[in-house]
Structures are given as C-alpha cells and as structure tokens.
Amino acid sequence: MIKRLQSWEGLLAAVLVVIFAFNALMTPEFLGIGNQINLFQLSIEKIIVALVMTLIIINAEIDLSVGSMMGLSACAFGYLFQNGIAPPVAIAVCLGIGVLGGAVNGWFITRVGLPSLVVTLATLIGFRGLARVMVEDRGIGDFPDWFDALGQKGLLGPIPFALIAFVLLFAVIYVVLERSGFGRKTYVIGSNRDVAEFAGIDTARHKMILFIASGAVSAFAGLLYAARVGAVRGDVALGFELDVITIVLLGGVSIFGGKGTLVGTLLSVLIVLNLRNGMALLNITGHIQTGVIGLLLIASVVVPRIRLTRAKAPKEASA
Amino acid sequence: MTQPTLALRGVSKHFGMTAALTTMTLELFPGEVHAIVGENGAGKSTMIKIMTGIHQPSTGQLEIDGTQTVLNGSKAARLRGVAAVYQEPMVFPDLDVTENIFISAEGLFLNRAAMRRAAQALIARVGMRLDVDRVASGLTLAEQQAVEIARALSQDVRVLIMDEPTASLSAHEATELRRIARSLADQGVSVVYISHRLEEVFELADRVSVIRDGRHISTKLIGQTDPQTLIAEMVGREVGNYFTKMPSTATDEVLLSVQGLGVDGVFDDISFDLRRGEVLAMAGLIGARRTDVALALFGMLKATAGRVTYKGAPMQIGSSAEAIAAGIAYVSEDRRKLGLAMALPIRWNMSLATLRQFLSPRGLIDTRAETAMAEDYRRKLNIRTPDIEVPVGMLSGGNQQKVMLAKWLNMQPDLLIVDEPTRGIDVGAKAEVHALIRAFVAQGGAALVISSDLPEVLAMGDRILVMREGRQMAILDHDAATSEGIMALATGQKGAA
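Chains as they are written, first to last, in my numbering: chain A, 1 to 319; chain B, 1001 to 1497.
Excised from the complex, chain A in its bound form:
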C-alpha cells in the first residue's frame, strides 16, 4: 500500500508538471514570481485549513464546519473591532473561539458519540448563524493598516505573512504525521478505531485534539481572510469547506480513513491552484474551472480503483 500511495503521489506530481509546463508555454506571465505568489494568496485560507483537514480525514472523521468557523472568526474580529476592542485582544478572542468551537465539535463526537458528519453539519449552520447575528447585513472594514498589511503586503520580501504561516504549518504537520507517535495514532485510529482502543490508545482524546486544532486553524484562517480582504461580511468563506475537502481527497486521502499523506495534499493544492490559474490566464470562466476541478476529483477516485482491480485480478485467478 505504501508503494501504491507513493505511486499515487507520483501521478499527482506528473500531472502537476504537465499543467505547469503547459501554463508556462501558453502564458509568459505565468512563471513570474508575482503570479506565483498571487496564485497562493487568492486561496491561502483554504489551503491552510486543508492541512488540518488532511489529519481529520485520515482519522476517518470529517469537519464540515471549517468554512463557517472561518466566517465566525472573521466576523467576531469585525464585531469586536467595531466595538472598540484592541485588535491584538480581538485576535486572541477569535482564536479562542476557534478552540472552543473545535472543542464543541469534539465533545459531541467523542463524548456523546455522534458521527462527525452530523455534528459538524450542525455547527456549520450554527457557527454561520452566529457570524450573521454579529455582523448582520453590514460590511465591517477600516481595520488598522498593520492588520491589512499582514494580509496584503509582503512580509519577507514579496512573500506575505499568510504564505509563511502556510509553510510553517505544513512543516509542523508534516513532522507530526510522518514522524511522531501522534501521527502514527492518527493513521491507526483512522484505519481501525477498535484496534487502537484495544491497544490502549485514548482515541477520544486524540479526536478531541484534532477537532480543536481544526477549529483553531480555521479561526486563524478566518482572520487571514479578514486581513487580506480588509473587510468582513456575514458570508465570509461561505462554502469553503467543500473546496477544502475536495483538495484533500484529490490528494489521495481516503474518505474512509487510514490512508493518505500530507505531501499528497500539497501536490493537490498545487495542481488545483495552477490549473485554475492557467485557465484564468487563458480566460476560461470560473464556472468551467469549477467543473474541471470536479472532473479531476472524480478521476482521483476512479483511477486508483481501476489500478486496484487490475492488481487484484491475477491473484483471484490463481486462488
């Protein structure tokens, strides 16, 4: 299976190279550093959340509430700012909301024993509702310049804060997943929770940590969004959860848990971003772009299946 995963990543890498080469040939602007950074910037919140979502899905769970948590965090920031709270305090409160929201998800999933699909569907609605209550129909803006700059300007040369945060978070989660005991348990619990329980692993605690991390990172991403756009509204990050999950699944993470890598998610992020960028540079409309991503997702599910049946067939014949 490890080999198969590696070859799945190989396939993703090959697809990426093709897209990259095609884009570079078709449009000279593509290779410019400005375009490359811009490409990340436009989706940076989603791809940050996709990193944690990778862990959640490997753990055989799902968090549908991430988009709403991003919205809630962004709107809470706007609300607090408007009510005269100092932005650093507001940021801390928003991250706290993320932790709390994640803990609520985790509590219902691990202590009450409800499926994460149901719990996070409920909080998807609930968090969004809270966001809209706070902001109503207004847009809130005029944040301090330093805050907007974090989202819009380069911090290290042309590289913006959010991209640095993405790279750091990627590095941390990569080490956790590939090298740490926590990462190992993430796979084992996702592969077979009962086996993990019988091996003395506290699976409830593990899932609780994952959902809190998911909530906190989503809240962080919501703040990045507020800084990048410079204003918030009740519909911030609406429907982002589906894009996030699409990226993770396209990266080869199994929706049934126990399988997938963070590198797969990264390749998938790069493919989606470059594909969209390439199509945009060719003046292909957003709707068609979305359709193409959808086709890719279906292909990502179908292709391994075909390869699996091929690999199985000779064995069954000999049995």
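Be aware that one or more of the hints could be misleading.
[Said to hold, decoys possible] Simulated crosslink set (DSBU-like; lysine-lysine; CA at most 30 Å straight-line): (1) B:K1049 with B:K1075; (2) B:K1380 with A:K185; (3) B:K1302 with A:K185; (4) B:K1220 with A:K185; (5) B:K1245 with B:K1380; (6) B:K1245 with B:K1044; (7) B:K1049 with B:K1220; (8) B:K1245 with B:K1494; (9) B:K1302 with B:K1245.
Just so you know, these hints were derived from the structure itself, not from any lab.
We have chain A; now place chain B onto it with these hints.
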C-alpha cells in the same frame, strides 16, 4: 422408506486451501426433527449455507425430492421451500408482525387486510398468540423467532433449519420453541435442529447426526444413542494426535487471583488463581462468555462483582491503557475487527501497543529501533513475509496471528490473555503458536488461553477452567481432564462441581 425432502450427496466445500466440508452426506425426511451436533468449527454453518443456497458445493450435489438441484442464493432456496431461522432473529425492528412475515411480498399495491388475515393464520399455525399489528422491536426473542418461522411458513417451507434457536432464550421460551418445532414436524415439515444443548436434542429430535472436522460421523435414531456416545463422537479424534502437552512450568507464585468476578447479566462468580509459569485454559462453547471474562480483566468491560488480586495487591483496571500499564496483554480472537489494522504495515502493527518504547522525549518515533524490534520478532516467531513494511492483511492467517502475538509480547507482559490463539490457522502454525505461549510462561509469565478447540485446551492447559453460559462449571487439573469430561461440563450434561 419415503424419499428424502432434501439430501446432501458427498458434498465438499473448500475455501481456498481449507476444507470446510468433506464428502458430507445427509438425508432429511418429511416429518422428522433431525438434530445436528458438533463442536464449534465442525462445519455446521457451512452446511447450512449450502442447504440455503448461500454457498455452492465445491463437489458433490444437493438433491431436493430426489432431483439434483442448484440453489442460487437464499431466495432460490426459499422458493424451493428451504428456510433457516437463526439464534439472532432477522426481523425488521420498525415493521409490524404482518409486514415482517410478508417482507418479500411483491407488487406495488399490497392488500393489507388480506395479508393481516394470512399473518394471523400463520401465527396460529405456529401456535403462538401474538397481535399481528405489533411492531417487531417490542417482541421478545422467542416471539421474533416465531415471526421468522411464520415468514418461512408463508412461503410453504418444507425444510426448516433452526440454527441454535434456543441459545439466547430463557428456559420457558425454549420449551415453547421446541413445541413449535415439534408441531411443524407433525405437519410434515423436515426440521433441522442444530444445538449445543444435548438435553434438548434428546428431548426433541427423532434422529441425530454428528459432524466433526467437516465430515459426517454418524446418523442414528435418538433411541439408539446416548449423550456419552454423542460426546465421544463429537470429540472423536485421538487427543494428542497433533498436539502433545508440554510439561507444566508452573511456579508457586500466584500472579492473579480472581474471586467471585461477575458482570451483571453477562457472567458471574468466576474464581481462579493463576501462577507464574502456568497456562490456564478456558474451555467452553460459543456463548459461554469466556471472552467477556477476559475483557473484564483487560479493562474493556466493567466488572460489577468480585475481587481481583494481581501481583499481590487489589487490582482496579478501568481501561485497556491501565491494563497494559499493569503488564496485562489481551490477544483478541477477532484479528480483523479488534486485533490488527489490516491495511497498515506489519511494523506499525507490531509497535502499536508499545509505541511509547519508541518515542523520543519530543514524541517522535525512533524508526530504527522500531524496525529492529519488528525484524527481531519476524526472525524469532518465524513470520513468513517478504518485508515488514507490507500491510499485515497480505499475510496468511497464521502469520497474522504471529504478528498479533509479537505486538503483545513486545510489551513484555506478566499476564498474557490469548483468545482463540489458533483459530483459522493451519496445523503447523498452531504448533508454533503453542510453543511460543509455552516459552512465554516458561520465562516467568502467566497465560490465560481461551479456546473452543478441545485438543488445544488439553495441549495447552496446565489446568482447565470450563465455563457454560456465564458460569464456571469446574477447574480441572490437566491430568484429570478428558475431552469427554470437558464437553459434558460445557454442554451441561454434567453439573458444576
């Protein structure tokens, strides 16, 4: 004699390399209750599945009314009048009795009133008083079984297979069910009655067949046999044929002392001592609740009564993590569900219960040490695999079993609980697993071995604890134990000592 309703003629069934049935022959006549007895794993379930069209014979044939027949699936079997009722009734809990009986009725518009009347007639024929408008989830197990039987009758059943129908019923309900079985036979149905309870076999059956190791051993009129003969036939093979008892290595140091252990509604009053160097085997039939005793000791089931002394101090264990910390390992009988993460590499599975051993202070896994451990066990336990990085699911059952043992041996437990250590693995691997467990206790550990395989119980157990339906029947010394004696206790032919 009349023609058999259904007959198996030299039927064999192979699953891969294992033979589940070998040249099985059986004739079922109209109007008889035909009991089938045999140890767990003797091939009864496979035989039922062939008779109900779920499996096809590898060789040999199935005859209905003297004609060779191929039953393609359970629906085909039902259309030919063959149906089975199981220990756990398969009713749809949210539907009422009528709907359950006519679950496979076809057509867009069903005549509810007619179905209701027919359901009442069928329930009456079964001999039950039951409101046909009641929802199935509110019925007792016996009533649910009656519904299942009525469903079979609605399709003109001619062969009704009852697989351990009374195993989860109270004494009163069981009597009721036996009365139903008898009355159906009197109406001309061939009733196949599979049971571990020999007393009810003798009360109910007209004829009894013994099967063992997938083979037909005998078929006799009930008057021509007795419980002792049946048990001898069920146990059969020369004990020690391929398992020889290894000498006891028991010391005087009591590691675990269990006094009156119980879990409400599951088992009660289990008491035994286990010494270092000793193997205590737990014998019994399926449903004897031996696994639950193990789970209570491993912290996965909360004990409601009794005292456990472990390493000389009272033991309170509330979770598997605490059990592991205390040096107790539990090797599950269910490799697929509870034992191994089949899709993950062998190395990962082996270190699963002992991951802490390989963690650096920062929580990172020392892969080199982990690999060394896995390679070590691969060599010591003779695990046949090209690579410790392949998913454990790729291995044969015997090698999977060894990986599971490695996982638990690596924690260097004091108490090793092994549930069905050799289920579904070949004879060579069985001997290897036995040697591993014996080597473990010889080095000062103690083992509790649960097994439904009598030769294995006799080969492993320095002492043998026999359980039946949640109760401890006896603890026998190895030298005083015989297969027949154990089977008599396990089936309730002989009372608790």
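Hint consistency between K1302 (chain B) and K185 (chain A) [alpha-carbon to alpha-carbon, up to 30 Å]: OK: K1302 (chain B) and K185 (chain A) at ~25 Å, within 30 Å.
Hint consistency between K1302 (chain B) and K1245 (chain B) [alpha-carbon to alpha-carbon, up to 30 Å]: Distance ~34 Å between K1302 (chain B) and K1245 (chain B) Cα, so the pair is violated.
Given hint K185 (chain A) paired with K1220 (chain B) - CA-CA distance at most 30 Å: The given pair, whose Cα atoms are some 56 Å apart, is violated under the 30 Å limit.
Hint consistency between K1049 (chain B) and K1075 (chain B) [alpha-carbon to alpha-carbon, up to 30 Å]: Holds. K1049 (chain B) to K1075 (chain B) sits at ~12 Å (cutoff 30 Å).
Restraint status (C-alpha distance of K1245 (chain B) to K1044 (chain B) at most 30 Å): holds, 28 Å
Given hint K1380 (chain B) paired with K1245 (chain B) - CA-CA distance at most 30 Å: Between K1245 (chain B) and K1380 (chain B) the Cα gap is close to 22 Å, so the pair holds against 30 Å.
Hint consistency between K1245 (chain B) and K1494 (chain B) [alpha-carbon to alpha-carbon, up to 30 Å]: Satisfied, since the Cα-Cα distance of roughly 25 Å is no more than 30 Å.
Given hint K185 (chain A) paired with K1380 (chain B) - CA-CA distance at most 30 Å: holds, 26 Å
Hinted pair K1049 (chain B) and K1220 (chain B), Cα distance within 30 Å: Between K1049 (chain B) and K1220 (chain B) the Cα gap is close to 23 Å, so the pair holds against 30 Å.
In this structure, the hints that do not hold are numbers 4 and 9, in rising order.
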